[in-house]
Structures are given as C-alpha cells and as structure tokens.
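Colleague: The listed protein sequences correspond, in order, to chains Y and W.
Under the working numbering, think of the first position of the first sequence as 936, with each following residue one higher.
Under the working numbering, think of the first position of the second sequence as 1145, with each following residue one higher.
For the record, the hints were derived by calculation from the structure and aren't laboratory data.
Quantities reported herein were computed from a predicted structural model and do not represent experimental measurements.
The reader is advised that the hints may include incorrect statements.
To be verified - Calculated lysine-lysine pairs in the PhoX-like style (CA-CA distance at most 20 Å, straight line):
1) 1197/W to 1296/W
2) 1438/W to 1418/W
3) 1311/W to 1197/W
4) 1454/W to 1179/Y
5) 1172/Y to 1311/W
6) 1168/Y to 1179/Y
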Amino acid sequence: MSKKALVIGGGIAGINAAVELANNDKLVILVEKNGELGGNVNDMAATFPELDEAQPLLDEQKSKVEDNENIDIKFNSEVISVSGKAGDFKVEINEDGNTVAEEVGAIIVATGFNYMEPNDYSEYGYSRLDNVVTSQEYERMVMNGDIKKYSNSNVVFVHCVGSRDRVKGYRYCSKICCTYSAKHALLLKQEVPSANAFVFYIDIRALGKGYEEFIRDAIEDYGVRYIRGRVSKVINKEDTLLVKAENSLIGNPVELNADLVVLASAMEPQKDSKELAEILGIETDDYGFYKEAQSNMEPVKSSKEGIFLAGSCTAPLEIRESVAMGKAAASESLSFLG
Amino acid sequence: MHKLDKLSGIREEIVADIPIPEEIFYFQSCVASNKYPGIESCTLDVLNKLGVKPFVSEDQTCCGGFVTFANVAAPTASMPAVARNISLAEEEGLDICAVCNGCWTFLNEFGHFMNGNDEVKESVNMMLNMMGREYKGESNIFHIGAMLYKLKDRIAENVERPLEGLKFATHYGCHYLGGGKYGAIDDAQHPSFIQELVEIMGGENVDYTASGECCGTGFTQVINDKEKSLDHSQMKLESVRDEADPDFVIVLCPYCLSQLDRMQQQLDYRRDVKLDIPIIHITQLAGLALGLPKERLAFDAHIGGQDRFKKALNKIGIDY
Ligand SMILES: Cc1cc2nc3c(=O)[nH]c(=O)nc-3n(C[C@H](O)[C@H](O)[C@H](O)COP(=O)(O)OP(=O)(O)OC[C@H]3O[C@@H](n4cnc5c(N)ncnc54)[C@H](O)[C@@H]3O)c2cc1C
Ligand code: SF4
Chain Y
936 MSKKALVIGG GIAGINAAVE LANNDKLVIL VEKNGELGGN VNDMAATFPE
986 LDEAQPLLDE QKSKVEDNEN IDIKFNSEVI SVSGKAGDFK VEINEDGNTV
1036 AEEVGAIIVA TGFNYMEPND YSEYGYSRLD NVVTSQEYER MVMNGDIKKY
1086 SNSNVVFVHC VGSRDRVKGY RYCSKICCTY SAKHALLLKQ EVPSANAFVF
1136 YIDIRALGKG YEEFIRDAIE DYGVRYIRGR VSKVINKEDT LLVKAENSLI
1186 GNPVELNADL VVLASAMEPQ KDSKELAEIL GIETDDYGFY KEAQSNMEPV
1236 KSSKEGIFLA GSCTAPLEIR ESVAMGKAAA SESLSFLG
Chain W
1145 MHKLDKLSGI REEIVADIPI PEEIFYFQSC VASNKYPGIE SCTLDVLNKL
1195 GVKPFVSEDQ TCCGGFVTFA NVAAPTASMP AVARNISLAE EEGLDICAVC
1245 NGCWTFLNEF GHFMNGNDEV KESVNMMLNM MGREYKGESN IFHIGAMLYK
1295 LKDRIAENVE RPLEGLKFAT HYGCHYLGGG KYGAIDDAQH PSFIQELVEI
1345 MGGENVDYTA SGECCGTGFT QVINDKEKSL DHSQMKLESV RDEADPDFVI
1395 VLCPYCLSQL DRMQQQLDYR RDVKLDIPII HITQLAGLAL GLPKERLAFD
1445 AHIGGQDRFK KALNKIGIDY
C-alpha cells in the first residue's frame, strides 16, 4: 500500500482533507486546476451565519496547506488517468503542461461546484442589462466597495434562479441561497443603511444551525422586505430597472423600481465533472454531482473502493458541511494508506 | 438599450434550419387580408423580389385559431381546419409561410400536437377523408419574420429606399415569442432580429419600457372586458409615445397591428388620449425599404398615426 494520498481540488473541502491527512503523517498530493487555492470562497466577502470576514478565515486555511511539508501542491494541474485499485492506484497528472506519474493509496475528490451563468433566464436581463448581477458578482461588489454607490437605492434579490425549475434549470434546490441572499441584504443594510433591500422568495429554506435566526434578524432588525412571489421580468426603464413580480400572499402584481438586481443563481456541477468521473471510474447522479455509495450511511464514499468524496462536488453545500466532509473523507482514507 | 453586443438571443440553430425555397405556400390571414390589405400585397411583392415565389390557394380557410382563442369552441373543434389547411400545402409539396403570430402558433402547435398523437391524427383524418383529403404532417410552418431574417442578405442587396432618418420601435407579440415553443428564432424577453433588419435597411432603432408587453388584445379580454384591454393598450402606446417617439412601430402580427392601430382612435374618443403612432407590419417595413409603391404599401387602410405617416413618408421621398 502506498503511503501517499491524492486530493483533487484545493477548495475548502480539499484543503481540510489534505491537512487532516498530513496531520496523520501521510504524504498528500493536492492537485488544483487553477493557480490558487480556496475555490469559490475566494469570491466571498463574509460568511453566514455569523458574518465573519471570509478572506482572513480562508487565508488561515490556505496557510495550513502551504506551510505543510507533507503536502505537495500542484497548481494548474489535472488528473489525466487512473488505474489500479484501492491501496495501489497509479495516476498520471498533467502538472502545468508536464505529465507526472504517481502512486497513491487513496483518492479524495473535492472539485466543488460551478456557479451557473443565468443567461437562459433572459426575463431577468442578465448579460443584457446593466445592474443585473449574480450573487457571486455581488460578493465581489461588497469586497471592492462597489455597493457603496447604492445609497438611497432599491436593491432587489431574486431567489431560486435556475434551481427548482425542471424546464430551464435544475430540479434541485441549491440549499443555501436563501441564507446567502439574507446575508447579502444584511450586508447592504450594514454598509449602506439608506438603501432598501427587497427579497423575492418562493418559500424560505434555512436549513442549518443558526440560519433561521439569521434570516429573521435580517427581516426584524434590519428591515429587509421579504415579498413572497416570483419576479416575472426585469426591464429597462429610462436609467433604472423596472422589476415586475407578484405578491402571492396578497395576490397582486407588484412593480418596483430598482437600481440593482441580484440573482441567486444555481450551484451546478463542474462542467467537466462527468469526464473526471469517467477517468476515476466513479458514478455521478443525473446532474453530474458525484454519487455516494449510500446516501444515508456512506456520505463520503464514492461508488468505487478507495475513492472518497468531499464538499460541494456532491451537491450544493455550505462551508461548514464541506469542511466536515473533507475531514471525514480523510479519516476514511487512512485505512488504505500504508 | 438592448445590448446586442453583450448577448444576442437569436437561436442560430433554428435559423440555420429554415430553408430558402423557390416557392412557398403563403398562408392568408383573415385580419391581414380584410383589414390591412397592405400586409398581403407587401408579402407577395417582397417574397417575389427576394426570389421566393408565393403560392396562393383559393381553398384555404381561416387557420381556426379565432374560435379557440375567443373561447367559442373547444380546441379540438378547430383541429380539422388546421389539418385541412396544412394538407393544401402538402398537396403542392410546399412549406408554409404565415404572416400572423396567431396563424403561425396555431398551425405549428396543433400540427405538432397531431404529429405526436396518433389517435388524434387518425380521428382528424377520418373527417378529412370525407372531403377526399389527408393530413400527413409533412409541411413546415415558418413565420414571415423569420423568413425575412433568413433572407437578410438578399434584403441588404435589394434596398432601394434606405430608411435613413427614420426611427423604429418594435412590438414582437406574445404569440410569436412567448407562444413560439417550436421554432421562434429569437429570445422571448430580449428579441433583436427586427432591430437587425431595421439596421440593414438604414433605419434607427428606438426602445421603450413596455416593448415586451402584450398589445392589449388578450383575446377574451378585448371581447369580454374592453376597458381592461383599453387600459393595457393605453399604457403601452403612451410608453411608445413618451419614451421612443418613433416614426413607425413594427409588428409581426396583423392582430397586434389592428389593436395598436385602432385603439388609438378609441382612446381618443373615449378618454381624450392623443396618439399619432403609425403601426406597420414587418412585410410593410420590407416593402418600404425594397421600394414598393405607396398603393402596395396601403398605409391609408391604417386608422391611427396618419399625420405621422405623412411626415415620415415624405422624409424618404414618398408623396403621401
Ligand atoms: C454567492 C455565494 C455565497 C456563499 N456564501 C456562503 C456563506 O456565507 N457561508 C457558507 O458557509 N457558504 C457559502 N457559500 C458556499 C461556499 O462557497 C461553498 O460551500 C464552498 O465553496 C464549497 O467548497 P468546495 O471545496 O466544496 O468547492 P469549491 O469552493 O468549488 O472548490 C473546488 C476547487 O476544486 C478545483 N477543481 C475543480 N475541478 C478540478 C479538477 N478537475 N481538477 C483539479 N481541481 C479542480 C477548483 O478550481 C476549486 O479550487 C456561498 C456560495 C455562493 C455561490
Ligand atoms: S435555497 Fe432557497 S433560494 Fe436557493 S433554491 Fe432553495 S429555496 Fe431557492
């Protein structure tokens, strides 16, 4: 059995898997497609449910990997072939243009999610109108101070864009956009108190410790206006946006002038997730998320022995759960590392 | 205001599938042929000029849509009319070109429905057999707007009367974009192909907030609740007047044309709302650019916008 482990993906899940293995005296090869660690958390201003600043948290995590001599990070790299079996995998990695061969005992897949570009939802005008952005772009606007210019403005947050939609999007619920949209409205009210925040929702799914209270605080303490109903379209009106929607509690149409519209788009599988599954010989679900060996009892085992799953490559997940899966996957790998 | 440079919603794969035939079955529209003869004459002349011969059938009837949209009869009652009309084109081995959003949607969707439901097709054919006909489902149905877009290069080569100095706004119509599940060539919310044609013809595009709104007909509405229908048309037309102030509004559908045109007079009589907005069909737009004489454009059959018609047409050298 090889003593080395392979972790694919250097997001928050992969980082935690690698650190956990290294702490157990295992050698880790961490393959990251991009030139930096951190994945989607790099695009984050603050985290729910405590509103901690995201970047210092992430830097702390990154340094645990970067300073660790048991971990060999390969940037701009991808796995190109895998053979052998649990305990004795032979892998080929394209490391920044060169092919290198490695032998590893276990593999942890932590390749994360892709944030959907809502171009098919032309009713919301994304890519067509100025001042219509995705939630991920909004995080950047908070970080670089761009939201400051929305004083005395109306900002509209739209839930479930691309999720819960079997026609144009995905059937699943992206699970955390209710909570991060509340975070976005709350950040707006904190940074720009004169701005008005409106959130259009179908129902509110606050599935995590402290999430319900977090959303209630946004409504009760910060005066964020929640309107139950779908937005039907966003159109240009002179130099602002006109949001047309319904209020399904009252049963009336609603029209609202907005200066910024933020779309909580779906968290979708990585575009190349099925190709990687093919290389690894593991199963995906219909969408392309990696499939657990058993959904209740084996959350981090893939369909193939010796290959484990961690984080949002399995489904839309928040940080806390991605971290937990990373650590759990590391622990389960230990039995395949000599 | 539409950011064509950012993201065009034109569905190139559908445009690619539209053939450029030598001949096509021109599907007459009740509203076009009776209320706005210019749509018909322009369709015939424009198609001829662009090298596609229009075939006109004496046997064609109403598409059958009216009775369904107006809730006069169950959809199944007009299915045989759809099948019979399409069979006329099949007999000639031709595809169909519709000038009306209603005809186009109706023939397309019902055709699609029959093609996918053998039982329905059989029962409809039992009726057609009594007339000595059969519906096979072989002819494709294209909208004239999509045909003209497909023929845009030929249009560019044949512009005889550039539309310079004129401003154009658009109204695509719900039943083309929203109802066009099977083959609308453009995005339902941010369409742009008419604007592209206007540019090719040398005109200037102007936009207004209510461009994506219904014309106000909403079939049962105009029949059962006229005030509601008037409210909606008023909102739309005021947005056109106050924000875009165009010389022409281009529509794809004779029924939208009729609504937006004739309601101007009603809004004046009933509510003292003053509007002077020429509403024209896309084939009349093409007719203008391709240099058709004013008799074939037949703008004098339009009720609203007559003062503006005169000013705009004089600008491009038509003595109106
Ligand atoms: C707008 C928004 C706001 C959010 N706010 C919060 C919040 O406040 N609190 C919270 O808990 N969560 C939040 N999240 C969720 C959070 O982003 C995720 O939980 C977290 O990013 C998941 O980490 P991950 O490691 O599973 O995946 P990712 O962050 O996606 O990382 C995956 C990594 O794998 C790499 N990779 C991908 N494919 C390959 C490959 N084939 N080979 C090698 N490497 C590869 C990627 O480059 C990336 O570095 C938010 C998400 C969004 C979209
Ligand atoms: S988490 Fe909320 S916003 Fe996101 S898809 Fe589910 S219900 Fe919609």
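Colleague: The structure should be examined with respect to each hint, and the outcome stated for every one.
Modeller: Against the structure, the hints come out as follows:
1. 1197/W to 1296/W: Holds. Residue 1197/W to residue 1296/W sits at ~17 Å (cutoff 20 Å).
2. 1438/W to 1418/W: With Cα atoms ~26 Å apart, residue 1438/W and residue 1418/W exceed 20 Å; violated.
3. 1311/W to 1197/W: violated (31 Å)
4. 1454/W to 1179/Y: With Cα atoms ~37 Å apart, residue 1454/W and residue 1179/Y exceed 20 Å; violated.
5. 1172/Y to 1311/W: holds (19 Å)
6. 1168/Y to 1179/Y: Between residue 1168/Y and residue 1179/Y the Cα gap is close to 5 Å, so the pair holds against 20 Å.
Comparing the model with each numbered hint stated earlier shows that hints 2, 3, 4 do not hold.
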